[in-house]
Amino acid sequence: MPDDRKHAAAHMDVRYVANLARLELTDSEAQRFQGQLDQIVAYFDELREIDVDAVQPMAHATVIQNVFREDVVRPGLDRDQVLANAPEQASDLIRVPKIVE
Amino acid sequence: MNALNTLTAHDLLARMQQGECTSESAVRAILDAIGRVDPVLHSYLTVNAEASLTQAREADAARRGGDDRPLLGVPIAVKDVLNVRGQPCTCASKILKGYVAPYDATAIARLRAAGAVFVGRTNMDEFAMGSTTENSAYGVTRNPWATDHVPGGSSGGSAVAVAADEAIAALGTDTGGSIRQPAAFCGCVGLKPSYGRVSRYGLTAYASSLDQIGPMTKDVRDAALLLQAMAGYDPLDSSSLPAPVPDFAAALKTDLKGVTLGLPREYFVGGLDPDVERRLQEAVAVCRQLGATTVEVSLPRTRQAIATYYIIAAAEASANLARFDGVRYGFRAAGSEDPLSLYKRTRAQGFGDEVKRRIILGTYVLSSGYYDAFYLRAQKVRALIRNDFGAAFEKCDAILAPVSPTPAYRIGEKSADPLQMYLGDIFTVPVNLAGICGLSVPCGFTAANLPVGLQIVGPALGEEAILRVGHAYENATEWHRRRPGSESSARQE
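Protein chains in written order, with this note's numbering: chain A, 1 to 101; chain B, 1001 to 1493.
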C-alpha cells in the first residue's frame, strides 16, 4: 500500500483548515461543511485505484515551459482608478486597520 | 421579417450590410426582449441600455462611412466574470459588490476592436463555481424551456440570454464544463476553445490551468465568428499559445466525408438518462449519413476525472481567491479592528457556500502532509487523462460524447448535495484537464421537451475539426432553430 493511504483516511478538521484560508465559519456552517467535505474527500479515494508511480505530474495543459519578456517599464493603472475601487481611503492611500502598535 | 433579437450574428451582419436594419434597431429589439422576459428568467445582472445604444449608433455611423469590421454593431452579452472597462464585474459575488472594471479583458478588447456592442452582464455561479447558476449571490436564473428548472452553469445567464433571444450572442467561461453544459441545458451552441487559444487576461481567475473563455451562440457559424475575433497569442497572458489562428469559417463544410469520429466505450455504458442516450445515438447516425466513419475509442480514466478535477480546481481556486480580503477592492466587513479579523470577516460575509467549500477543500489538498496524497496524485492522473485523449486522437479526428448525463433538473434538486452535483460533470471535466477543445450543439429534446446537447471533442488547437462536425450536423438538423415557448414556430432564416 502506498504510504499516503493513512493521510487520505485522516479526518479533515474544517475549522482548522478554514482558519488557514482566513475564513471565519459559523457553527452551523462548520457542521454542514464538515459533513459535505468528508463525503467529497472520501470520494477522492477513487484516485488510489490508479498506479501513478511512473507518471510525471502535469502542472498545466500546454507545452509552454518558461515565458520571458523584456524587463521594461509599462504604464499601469493610475492612482485614481485604483482608489475608486478601494473600500476605504484617505490621503490618496487605501485605509486598513492598524497593523503595528 | 423576424424580430431582430432572434437573429444570429451572421444574419444580423448580412442585414446591416444590405442596409435592411441598423445596430441601433437590433439593440432596441434586444432591450425590448430583456424587458419582456428577463423579469422571470433573470439572465442579466446589469443591462447597459444607454451605453449600448450609444455604441450601436456609433457602429451605424461607422458603417455608413464604409466600415465593415467583422462584428460591427453586433450586440453581445458578457458573463459577469470578464472585465469590461467602466462596467461592474462582480463575478456574481457579494465580495465584489460595487467593483467597476478599470480595464478591458483581452477577449473584450478584441471584440471591441471588431465592432461588438456590449449590452450587459450575465448571471453565473459565484466565481464560476457551480453547475446550475443557483450559487449566484444575486438570485437564480431560470431555464427558458421550463422555468422551474436550472439553466445549467456556471455560464447559465449567458446560455439563457442566447436561448431566449435576449442577446444575439454571449461570452461564457469554461473551467470544467461551464460553457458546454448550460448550452446543452438551454439548447444553444457553446464552444470551449483549447487551453491557450484565447487569452485569459482580464478573466477573473477560478482555476488558472483550466479556465478558458468561449462563445455561446445560436449556431456554429457564430461560434466560429466570435472565436475568430478573440483567438490568438497575447503577451499579457503567458499561457496563451503563440500558434497561428486559422480561418475558422473556412472549416465549415456541410458534409463529413473523410472524417473519422471516435465513440468512447466508457461514455455509453449506462448511467445516461435514456432520452439523452437516444438523442446521442440519433446524432451519431446523422453524422454517419453525412459521410463520417465511426470508430470505438477508449478513455479508461473517465470516472476518475471528477476527483482529479475537483482536487486541482479547488487547489487553484484557494490560491486565486486569496486576493479577496477586503483591502483593495470590493466589499469590506464593518467593525474589524485588526487586519486578520478584517480578512476573516470580509471573506465570511462576502463569499457564498460553494466558494467557501472549494477554498477549504483546496487549502486542505495543498496542505503539508496531504499534498502528495491529493494534489500531486491528481496531477499525475491528469497526465494519464491527457495521454488517453492523445491515444484516442490517433484513431479519430474528433470524439462524439454526451455533454451531461441528464437534461436540466429542477431548481433546488441537487443544491444540498455538492458531491451529486459534481458527478454530473463527468463528460466535460476531462476536456479541461487535457487542455483540448469541446463544442456543444443542440441534438434534440427529451420527452419533457428539455434540450439535449451533443458534445464534439477535438485535440488541442483542433477547433477547425469540431466546428466542421458541428456545422455539418446542425446543417442537417433543425434542433438549433427551436426556441422555448414556440416549438412549433421554429426560427426562420
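Everything labelled a hint here was simulated from the structure, so no lab data went into it.
Source: prediction; values computed, not measured.
Check the hints yourself; a few may be wrong.
Straight-line Cα separation of at most 27 Å, DSSO-like style, residue types lysine-lysine; simulated pairs [unchecked claim]:
id: 1; chain 1: B; residue 1: K1094; chain 2: B; residue 2: K1257
id: 2; chain 1: B; residue 1: K1094; chain 2: A; residue 2: K98
id: 3; chain 1: B; residue 1: K1253; chain 2: B; residue 2: K1395
id: 4; chain 1: B; residue 1: K1094; chain 2: B; residue 2: K1414
id: 5; chain 1: A; residue 1: K98; chain 2: B; residue 2: K1097
Status of the hints after comparison with the structure:
1. Proposed proximity of B:K1094 and B:K1257 is contradicted: the alpha carbons are some 51 Å apart, above 27 Å.
2. As the CA atoms of B:K1094 and A:K98 are separated by approximately 25 Å, the hinted pair is consistent with the 27 Å bound.
3. Taking the CA atoms of B:K1253 and B:K1395, the gap is near 21 Å; set against the 27 Å cutoff, the hint holds.
4. Taking the CA atoms of B:K1094 and B:K1414, the gap is near 23 Å; set against the 27 Å cutoff, the hint holds.
5. Proposed proximity of A:K98 and B:K1097 is supported: the alpha carbons are some 25 Å apart, at most 27 Å.
Checked against the numbered hints listed earlier, the structure breaks hint 1 alone; every other hint is satisfied.
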